[in-house]
Amino acid sequence: MIPLVLKRPASRLRRAVFLIAPLAVLLASVISPAGAATGDENNVIRWGGDSEGGFPFMFPNPKNHDELIGFEVDIVDEIARYLGKKTVYVNNAWDNLIPGLTRGLYDMAINGLEVTPEHEEAVNFSIPYYKTFLQLAVRKENLDISSLEDCRGKVVGTLKDSYAQMVLEELGDVDIRTYIVEANTYEDLQNGRLTAALFDSPIAIYSAGFNPEIKFIGPPIGEITYAIAVTKENSGLLRDINEALVHLRDTGRLREIYDTWNLWSPIMAAEFNDYSPRAVEMTRYNEWAETHRPEVALSARLERYAGFLPDFGMAAIVTMKVSITAMFIAISLGLGLAIARVFAPGWAAAAATAFIEFMRGTPVLIQLFFIFYGLPSIGVKLSPFWAGAVGLGLNYAAYEAEIYRSGLFAIPSTQWEAALALGMTRWQAMREVILPQAIRVVIPPITNDFISLLKDSSLVSIITMVDLTKAYGQLAAAYYDYFGPGIMVALIYLILGLPFVKFSRYAERRLAEQDKGGKRGHDNFYRMSARWRHTNLRSKES
Amino acid sequence: MVNLPEESLIVIKNLRKSFNDDGGVLNNVSINIKEGDLVSIIGPSGCGKSTLLRCLNCLELIDSGYLRVGDVELKRDRPDQRPNEVMLDAAHKIRGEVGMVFQGYNNLFPHKTVLRNVTLAPMVVKKMSPDAAREVAMKQLKKVGLEEYANKYPSTLSGGESQRAAIARALAMNPKVMLYDEPTSALDPELVGEVLQVMKDLDSEGMTQIIVTHEMQFARDASDYIVFLDKGEIVEYDDGDVLFTQPRNPRTKEFLRHFTGMAVAC
Ligand SMILES: Nc1ncnc2c1ncn2[C@@H]1O[C@H](COP(=O)(O)OP(=O)(O)O)[C@@H](O)[C@H]1O
Ligand SMILES: [Mg+2]
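First to last, the sequence lines map onto chains R and Z. Residue numbers are given in this note's numbering: position 354 of the first sequence equals residue 354, and the series is strictly consecutive. This note's numbering runs 1000 ahead of the 1-based position in the second sequence.
FYI, nobody ran anything at the bench for these hints, they're computed from the structure. Misleading hints may appear alongside valid ones.
[Stated by the list, open to error] Facing chain Z, according to a computed beta carbon distance under 7 Å, are these residues of chain R, among others:
1. D274
2. T414
3. A418
4. L422
5. Q428
6. E432
7. V433
8. G484
9. M488
Ideal Cβ placement from N, Cα and C applies to all residues, glycine included.
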């Protein structure tokens, strides 16, 4: 009955991270013995989760973006308190929580991990801490649908690649629309594009439980069981966690947590054999509902967005700092590489060429990971800022080198000969005649590269820097609003790049004016460079 | 030989140059040139005229032979002799003694004004002060009639003006000899005269000049000597009138026949 695969909600952003997270785990595990579980020695529990994993499991507090909240966070805190240990949170992409656990990045993983046969092959699971089901939702005026079976022949929305999608497929004859962002599904349900929506109950509650236009209908569908994962070797910790969970259940503390989050259900009542009425207010849920009610007026929304501006401002400074530092590295190193490639003796030219091809031929993402996670194993520990700036700088240096090189080749060799014929040495000719002209040729393409570097700098968000992209991910996850902040962050990137676009246009125009009427020789510096290296005609350096 | 080596400013002896294995571009060229002479080099396209000038200016290193410009000597015994420091030093010195004006007219530095084109080498190579360099440059620009153009950029100059500026730029380095590689071949006919006139003026000032040209009338009238180069060899080297009216070699006759309108005695 219960399918083997279940996917938890995944934001677009997190999906992007999935692609690279395995590498991070790999690198971290290969190089960092310090990353291995050391909980017992230090009286600390390292626990792994995904901060962008989603509500109500764990998510950034909308009121304080640095704080992680969610019912799972509360459970971890209670377990640690019972065991008399401190907690250390280790963030990892949701898809890689179990690989990260087996590689020793943390002692336990908790973030809506389902007990499946595959998972049980890799890790051990505690006793379940939560059981839930799929919840069907329709518009409040809808009287046709009262169960899953009524959805045949209707348009139903759900999360892409989820358990709910499989259930709908099994049902057959349903027009299934899959979504990546839950909020969009309920919006479409409200505006009539969908007849019904099927989601995990906690997500349904936190997406639409406070929406007066939408009602939940029908009995619980299916069963989903969440438990805490620990490594196979760590049976001691498993015993401790189980003991703590039993204790929390028996003392009613677990129930309290579920009540404050409005996540108690008949299924949980049966599971815990606790049919007593609610004893505490659902304060956490109410806080959430308060900030997410759809009737939040446009003005209130705009006010909220205005509140994002300081966050985005700080993040924009980070983005600019990284970009400008990286570009500085790229421009100077690129010049060195180009000169080495064109003029240096064979081995140095070959080394420069190899570096350039290596940098251009491998993903910058891998380079960043390598620098940030890989280099510490040989004692080079760079701060996130310098890892990002150096990584992007090295990568772009390869591209700048090629731009410089083509700039050099754009200068006719007659310029070079005219300079030598006047008695200049090679370097004087280079400095006074060739480079000044080449630089003017390369300014527009280099400026263009800076604009793309500005955008590529978003990659530093994966090595823990809070740049514009990361700030967007955090704010969007906190409010579950990817729309407004998305437009804001796009505009900010545009505005940051605008001066460089303008400058590039200006430089191009200048160049065109200067060239007006001037005819370039058919012969160019390319031939000269060959002669530079292969003939021994050298002027003595001054 | 017309000139004796010891009283010549420029001596070329047994010069050989080739770019690849299939035959030499210059084969055993020897020539002496006196100070103050104006020598024209004529010959069919591809015969090695430009290569000869470039060897003389050490833009190409000779394969073997002897070269002397003023006091600076360059000697290479065999093509497989590695250029040593002495040779490279001599090559650099010779380039300092020789001024060169190239074919075409886009050899000015386009990113600098005419004045800065002329002052650049004196400042960079001779370490002249900007003021001194400027003085020298203005003198040379005046000589070629371009003092008005000092602050213009090369792209605004006509072909003839560009070549005159290039001459001024070379003269500013105070060379012992000026080389010209077809200085007027890329110019519109009406602009040729002004460039040739500059060379005539320099000749009357006593400047030593070697000109590769297809301007036969100019070669005949203005040159002290004319060199006829064919297939990398000096076929004839003689006074202009003699060479044009009584060419001794049938190859010279054959070449001059192409220039109709010239009085060629056959
Ligand atoms: N850098 C070079 N590499 C190879 N061959 C060259 C080079 N320069 C000149 N040559 C060859 O040498 C010969 C003479 O060229 P050049 O001196 O330019 O002739 P001219 O100026 O008399 O027309 C030509 O066959 C030409 O192809
Ligand atoms: Mg030529």
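**Message:** Name the hints, by number, that the structure is in violation of.
**Reply:** The structure conflicts with hints 1, 8, 9, although it agrees with all the remaining ones.
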